[in-house]
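**Student:** Sequence:
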Amino acid sequence: MEVSKILVAVLLACSLFLGLSYYSIQRAYEDLEEKYENLLNGYRELEVKNSELVSNLSLLQMENEWLKSNLTSMELYYTAIITMYQSWLEGNSSEISVLIEKITYLRTKLSEYANVIGIPNGLEYLEDLTQQERNLFLQKAVNSLPLNLNFSQYVEKYGIPLGIHVYVSLTTYYQPDPVSAKEYWKLPNETLQDLGGDCEDLSLLTYSILVRSGYNNTYLVEWLSDDVGHVAVLTRIMGRWYLIDVAGNWFNGLKLYVYTKILKEGTTYDLKLPPLSLHPDVKDWLVRNNYATIDVSLPPGQRELDGVDLKTLLQEWVAYWVRLGESPVEYRLVGLNVYLKTGSITQLANYLENLGK
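Residue numbers (numbering that gives the first Met the number 0): 0 to 356.
Everything labelled a hint here was simulated from the structure, so no lab data went into it. Just to be clear, a hint being listed does not mean it is correct.
Lysine-lysine pairs mimicking DSSO-like chemistry, simulated, CA-CA at most 30 Å apart [claimed, not checked]:
| # | residue 1 | residue 2 |
| --- | --- | --- |
| 1 | 310 | 156 |
| 2 | 340 | 260 |
| 3 | 156 | 260 |
| 4 | 139 | 271 |
| 5 | 271 | 254 |
| 6 | 48 | 156 |
| 7 | 48 | 67 |
| 8 | 48 | 34 |
| 9 | 271 | 260 |
| 10 | 254 | 156 |
| 11 | 310 | 340 |
| 12 | 156 | 271 |
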């Protein structure tokens with residue numbers, strides 16, 4: 000009997016011990032299961048981050064390849080220019096040496112641009128601002144102009160505003176934004192220091208010169224297609240409108256060229272070069288040494304626009320870009336206390352005409 004009681008007590012003790020052990024094991028299992036879930040969630044987060052990093056790496060690799068390709072193309076372009084001038088200007092080795100130094104400078108600038116990354120601006124930048132912020136941006140642009148800016152010789156020869164168009168075209172050259180910088184707006188002092196920029200930069204420089212010269216009926220005008228945009232300047236002087244598209248080489252239907260003649264094997268060839276395709280120092284050297292002249296003329300079959308009919312002026316400007324393969328579908332107008340976004344040239348023209356009333 001006593002033995003039975005002892006056995007029962009032992010069995011009860013074992014059952015209690017096993018129960019406690021099972022409970023402890025169950026708790027430990029639940030803790031491990033919770034830790035596993037936490038680790039699994041952490042792994043998933045790391046997997047997402049890793050995927051983002053791989054994607055960013057691919058993008059950076061693509062941009063790097065673009066920059067390398069672009070740099071190589073530009074080097075080939077300027078090497079071709081050097082070769083042309085060396086054969087054309089035989090016997091002027093000292094002048095050619097100076098030119099080569101300038102080309103080396105351009106290569107250095109290209110390398111500097113290749114290092115620029117992620118500057119968020121563009122055509123959308125001005126749209127995202129309030130009118131007060133747009134006013135401050137435009138005023139900052141005008142105020143950034145150097146006080147000693149000298150364009151009087153161009154104004155004396157060509158008048159206003161064509162003289163400003165010629166001045167900007169000869170003292171700058173076209174510089175696209177780096178692919179990763181998107182559409183970065185340079186202030187006019189930056190554009191002058193860099194000796195150029197893209198359509199936004201050249202237009203903002205032209206706009207600022209006109210406004211500081213007292214021509215306050217001056218605006219930035221933009222067209223946009225589904226994938227690209229372009230900026231020019233529109234100004235009203237003595238009742239006439241002038242559309243100054245420096246980057247597009249268009250001024251009320253006129254085009255601007257660096258004009259020269261080349262003699263080869265007894266034949267003389269006329270050569271008209273768009274001014275923004277040449278470095279300012281090259282243009283200055285060619286004109287100063289009488290190797291080239293500045294030509295302002297109408298393309299074959301085109302007519303000069305007098306600027307009296309604003310709607311026609313805008314339509315001809317858009318038609319010019321359509322002939323170049325673009326498809327403008329929307330227009331924007333930006334100025335001090337002025338902002339308009341429209342898909343209609345008629346509405347844009349009417350809005351501008353009403354500003355002057």
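**Student:** Decide, hint by hint, whether the structure agrees.
**Tutor:** A quick look at each hint next to the structure:
Proposed proximity of residue 310 and residue 156 is supported: the alpha carbons are some 29 Å apart, at most 30 Å. Using a Cα cut-off of 30 Å, the hinted pair residue 340 and residue 260 is violated, with the two alpha carbons roughly 45 Å apart. Distance hint between residue 156 and residue 260 is fulfilled; the C-alpha atoms sit about 23 Å from each other, no more than 30 Å. For the given pair, residue 139 sits about 36 Å from residue 271 by alpha-carbon distance, which is inconsistent with the 30 Å threshold.
Using a Cα cut-off of 30 Å, the hinted pair residue 271 and residue 254 holds, with the two alpha carbons roughly 11 Å apart. Using a Cα cut-off of 30 Å, the hinted pair residue 48 and residue 156 is violated, with the two alpha carbons roughly 62 Å apart. In summary, the hint linking residue 48 to residue 67 is supported, as the alpha carbons are separated by about 28 Å, within the 30 Å threshold. A C-alpha spacing of about 21 Å is found between residue 48 and residue 34, which places the hinted pair at or below 30 Å, so the restraint holds.
In summary, the hint linking residue 271 to residue 260 is supported, as the alpha carbons are separated by about 9 Å, within the 30 Å threshold. At most 30 Å may separate the alpha-carbon atoms for a hinted pair to count; residue 254 and residue 156 meet this at roughly 16 Å. The hinted pair formed by residue 310 and residue 340 meets the criterion: a straight-line CA distance of about 16 Å does not exceed 30 Å. As the CA atoms of residue 156 and residue 271 are separated by approximately 20 Å, the hinted pair is consistent with the 30 Å bound.
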